[in-house]
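A.B. asks: Take a look at the letters that make up each chain.
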Amino acid sequence: MSQKKIITHHDVLCPFCGTLCDDLEVDVADNEVVEMRNSCQIGTKKFFSSNPSGHRYLKPQIKEKGSFRDATWDEALDKAADILLKAKRPLLYGFSSTECEAQNVGVELAEYLRAILDNTASVCHGPSLLAIQDVGAPLSTLGEYKNRADLVIFWGSNPVHAHPRHLSRYSDYVRGYFRKDGRNDRFIVVVDPRKTHTAQIADLYIQVKPNEDYELLNAIRAVLRGVELDAKEVSGVPMEEIKKLVEILKKCHFGVIFFGMGLTQSVSHHRNVDTAICLTRELNDHTKFLLTPMRGHYNVAGANQVFTWTTGYAYSIDFSRGYGRYNPGEFSSVDLLMKDEVDATLIVASDPASNFPAGAVRNMFKHPIIAIEPHHTPTSVYADVILPPAFAGIECEGTAYRMDKVPLRLRKVKEAPEECLPDREILERLLEKVKEKEGK
Amino acid sequence: MIMAEVKLKLKKKPKFPLEADSITPDNFAGKTLNEIKKLPLYHARDLVTIGDFFDVSGKAEDVANTKIIIDGDVSNVKRVGEKMTGGEIIINSDVGMHVGNTMSGGKILVKGNADDWAGAMLQGGELEIEGNAGHYVGSAYRGFWQGMQNGVIRVKGSVGNESMLWAKSSKPSNKWPTLYCGSASSFLGLHNHGGTMVVEGDADRCIGADQSRGTIVIKGKISRLLPSFKKLDDVNEITLPNGEIITGKFAQYSGDHSISKETAGRLYIAIK
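In order, the protein sequences belong to chains A and B. Heads up, this note's numbering is the position in the first sequence plus 10, with the first residue counted as 1. Heads up, this note's numbering is the position in the second sequence plus 23, with the first residue counted as 1.
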């Protein structure tokens with residue numbers, strides 16, 4: 011029996027969630043991932059999903075008469091360029107699950123096409139960015155929290171499921187320089203309408219009524235200011251408990267609020283984050299306090315960084331006048347699609363059909379779609395052209411930003427199958443094709 | 024003196040939003056009809072002209088004596104009256120986003136509904152909307168710490184969320200940004216720094232959140248008062264910063280106390 015030669019890659023980055031773990035060990039044999047160590051369940055799944063399967067696109071696809079056929083890269087890029095050039099208001103969306111170099115080319119393509127450029131922050135932590143633009147934000151890198159934090163608050167986030175290794179690497183069980191006893195040196199507070207699995211391991215769980223986080227944060231701020239409030243209960247939380255929480259906040263040495271989509275995507279959106287930031291700022295009158303958004307996609311922070319340093323804005327950018335303009339609500343993907351303003355879409359590393367409101371998806375499907383997508387997804391099956399990419403961070407290198415905006419280098423552990431190309435190269439070739447067709 | 028009138032009639036409904044920041048008395052003043060027809064508009068990524076989308080008739084004078092009357096369904100035409108400093112615009116239908124944004128003088132009358140950002144960052148002048156207005160009426164644009172700083176907005180119907188965001192008054196220069204509206208959604212007067220808001224009917228939650236100073240009068244009901252507002256007393260008369268007096272029985276609250284223990288912010292809610 012022949013033994014397959016196993017190559018082990020050490021210190022591999024995980025291109026799944028914003029925690030961007032950098033200590034994975036991946037065994038590869040015959041260009042297939044065969045074993046993973048240190049990774050969580052979702053990260054492991056992503057590495058295994060790069061192995062050959064019936065779900066992966068291996069050649070460019072063009073839809074003809076309702077079904078896909080294999081095409082050459084030249085044919086597929088030609089058709090994609092035609093779609094983009096014919097459209098009057100094309101949308102380029104996604105970008106959060108690919109590397110920064112590809113995002114950079116995406117910006118160039120959007121500017122050249124005078125298109126709308128948006129990333130998944132638009133339906134995720136975009137509200138956090140809006141709030142930060144209004145009131146600033148006291149942020150830090152995750153290493154600081156690991157070494158110093160003795161009070162950790164998870165507000166509207168559930169890392170046990172969404173960022174499984176966050177707790178053991180940065181925020182809860184990990185032993186830090188000043189927190190030598192790990193979990194015993196930290197006090198964990200969870201604020202959530204549901205008693206999540208994170209809430210079950212917390213020292214204090216506060217059950218807030220759904221969509222009333224704003225009022226609770228507002229009351230905490232007032233109590234912190236020393237105001238005796240008229241209310242006996244706020245958002246389902248008794249005033250006694252609020253006062254107790256304020257004492258805990260004031261007495262810690264180093265506190266941090268990790269907030270998730272429970273704040274950004276419930277009613278009041280960016281205003282929840284606005285008031286949470288104001289609370290954090292005010293707590294610094296008493297002790298050291300910081301906050302950090304729990305970013306979802308592994309490189310959504312990178313998408314915001316790249317878009318900002320190239321255009322000045324983090325997401326929802328309209329290039330229709332030749333220069334970038336920014337206004338979420340007016341130029342954000344969901345709003346544009348709901349109003350049926352978009353007449354062609356290029357999706358890069360994202361699956362909006364699974365995540366956008368039905369009305370937006372229906373309007374998106376009315377017009378041509380180009381998908382740069384490795385797998386069969388609800389978006390890709392409705393696409394007109396599919397351009398198959400290599401997995402960034404598994405089959406090609408690149409840069410990604412962790413949730414605390416620390417850039418890290420993604421690793422390559424195996425070759426991309428058949429004709430798959432890195433996102434960056436696909437976008438570069440598409441841009442070249444578009445320029446060629448315009449005669450420039 | 025009777026104002027010179029320029030009439031614009033929409034020829035065809037734009038497929039994409041038409042950006043019409045060139046439609047202001049300032050841009051029309053002193054121009055012939057042919058010159059007005061050549062002023063630029065943006066339709067998606069195409070640069071077009073007013074003549075492509077509108078029939079233009081009438082005559083323009085200097086800024087203060089030019090009145091623009093717009094007919095046809097311009098509900099998808101954005102930025103009408105942007106940065107205008109004088110004159111008048113009458114819109115005989117619904118209008119798109121950003122109507123009258125950053126205007127500093129003159130008057131705009133919208134006979135239908137207005138979309139979001141109506142009168143955003145108003146610096147002066149008067150904006151009247153006979154129907155409803157969308158979100159962010161008289162608000163600051165993203166990231167600005169000073170929103171509406173002077174002028175008056177009157178909305179007969181409702182205003183959407185976060186209206187009068189970051190409004191800012193100035194006593195030395197006698198600037199009192201004021202909004203009158205029929206009813207209001209949540210977060211009216213958020214981060215208010217001296218703006219005045221009078222709501223004839225009901226208002227939703229989080230009114231006056233993070234208000235450091237300013238006056239908000241609600242003549243109807245409020246769906247949920249923020250916990251950080253404290254009741255002071257009952258009053259029978261309210262004097263607005265612009266000198267106007269409102270009579271009636273109101274409960275006076277101070278807030279928002281999440282900003283500070285003492286605050287000059289006031290919220291009045293009618294007692295029925």
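If you are wondering where the hints come from, they were derived from the structure by calculation, not from laboratory data. Note that the structure is a prediction, hence the values are computed from the model and not measured. Careful, some of the hints might be misleading.
Unchecked claim - In silico negatives: residues of chain B with every beta carbon more than 12 Å from chain A:
| # | residue |
| --- | --- |
| 1 | D49 |
| 2 | N99 |
| 3 | H121 |
| 4 | S283 |
Unchecked claim - Here are the simulated DSS-like cross-link-like pairs (lysine-lysine), alpha carbons at most 27 Å apart as the crow flies:
| # | chain 1 | residue 1 | chain 2 | residue 2 |
| --- | --- | --- | --- | --- |
| 5 | B | K35 | A | K96 |
| 6 | B | K284 | B | K244 |
| 7 | A | K96 | B | K34 |
| 8 | A | K415 | A | K96 |
| 9 | B | K253 | A | K219 |
| 10 | B | K194 | B | K244 |
| 11 | B | K61 | A | K242 |
| 12 | B | K242 | B | K272 |
| 13 | B | K254 | A | K96 |
| 14 | A | K89 | B | K38 |
| 15 | A | K98 | B | K35 |
| 16 | B | K106 | A | K253 |
| 17 | B | K284 | A | K242 |
| 18 | B | K106 | B | K194 |
| 19 | B | K30 | B | K194 |
| 20 | B | K38 | A | K349 |
| 21 | A | K219 | A | K156 |
| 22 | A | K254 | A | K242 |
| 23 | A | K261 | A | K156 |
| 24 | A | K98 | B | K272 |
| 25 | A | K349 | B | K244 |
| 26 | B | K82 | A | K242 |
| 27 | B | K253 | A | K253 |
| 28 | B | K242 | A | K253 |
| 29 | A | K260 | B | K244 |
| 30 | B | K60 | B | K106 |
| 31 | A | K254 | B | K35 |
| 32 | B | K254 | A | K349 |
| 33 | A | K219 | B | K134 |
| 34 | B | K194 | A | K242 |
| 35 | B | K253 | A | K254 |
| 36 | B | K36 | A | K260 |
| 37 | B | K36 | A | K96 |
| 38 | B | K35 | A | K349 |
| 39 | B | K244 | B | K272 |
| 40 | B | K36 | A | K376 |
Just so you know, even glycine gets a beta-carbon here, dropped at the ideal spot from N, CA and C.
A.B. asks: For every hint, state whether the structure bears it out.
C.D. replies: Outcome of the hint check:
no.: 1; hint: D49; result: 20 Å, holds
no.: 2; hint: N99; result: 9 Å, violated
no.: 3; hint: H121; result: 8 Å, violated
no.: 4; hint: S283; result: 6 Å, violated
no.: 5; hint: K35(B) to K96(A); result: 21 Å, holds
no.: 6; hint: K284(B) to K244(B); result: 26 Å, holds
no.: 7; hint: K96(A) to K34(B); result: 24 Å, holds
no.: 8; hint: K415(A) to K96(A); result: 37 Å, violated
no.: 9; hint: K253(B) to K219(A); result: 22 Å, holds
no.: 10; hint: K194(B) to K244(B); result: 30 Å, violated
no.: 11; hint: K61(B) to K242(A); result: 64 Å, violated
no.: 12; hint: K242(B) to K272(B); result: 9 Å, holds
no.: 13; hint: K254(B) to K96(A); result: 61 Å, violated
no.: 14; hint: K89(A) to K38(B); result: 24 Å, holds
no.: 15; hint: K98(A) to K35(B); result: 17 Å, holds
no.: 16; hint: K106(B) to K253(A); result: 48 Å, violated
no.: 17; hint: K284(B) to K242(A); result: 19 Å, holds
no.: 18; hint: K106(B) to K194(B); result: 23 Å, holds
no.: 19; hint: K30(B) to K194(B); result: 39 Å, violated
no.: 20; hint: K38(B) to K349(A); result: 11 Å, holds
no.: 21; hint: K219(A) to K156(A); result: 30 Å, violated
no.: 22; hint: K254(A) to K242(A); result: 14 Å, holds
no.: 23; hint: K261(A) to K156(A); result: 19 Å, holds
no.: 24; hint: K98(A) to K272(B); result: 56 Å, violated
no.: 25; hint: K349(A) to K244(B); result: 33 Å, violated
no.: 26; hint: K82(B) to K242(A); result: 65 Å, violated
no.: 27; hint: K253(B) to K253(A); result: 17 Å, holds
no.: 28; hint: K242(B) to K253(A); result: 33 Å, violated
no.: 29; hint: K260(A) to K244(B); result: 36 Å, violated
no.: 30; hint: K60(B) to K106(B); result: 20 Å, holds
no.: 31; hint: K254(A) to K35(B); result: 63 Å, violated
no.: 32; hint: K254(B) to K349(A); result: 43 Å, violated
no.: 33; hint: K219(A) to K134(B); result: 41 Å, violated
no.: 34; hint: K194(B) to K242(A); result: 38 Å, violated
no.: 35; hint: K253(B) to K254(A); result: 21 Å, holds
no.: 36; hint: K36(B) to K260(A); result: 59 Å, violated
no.: 37; hint: K36(B) to K96(A); result: 21 Å, holds
no.: 38; hint: K35(B) to K349(A); result: 18 Å, holds
no.: 39; hint: K244(B) to K272(B); result: 13 Å, holds
no.: 40; hint: K36(B) to K376(A); result: 20 Å, holds
The structure fails hints 2, 3, 4, 8, 10, 11, 13, 16, 19, 21, 24, 25, 26, 28, 29, 31, 32, 33, 34, 36 (numbered hints given earlier, in ascending order).
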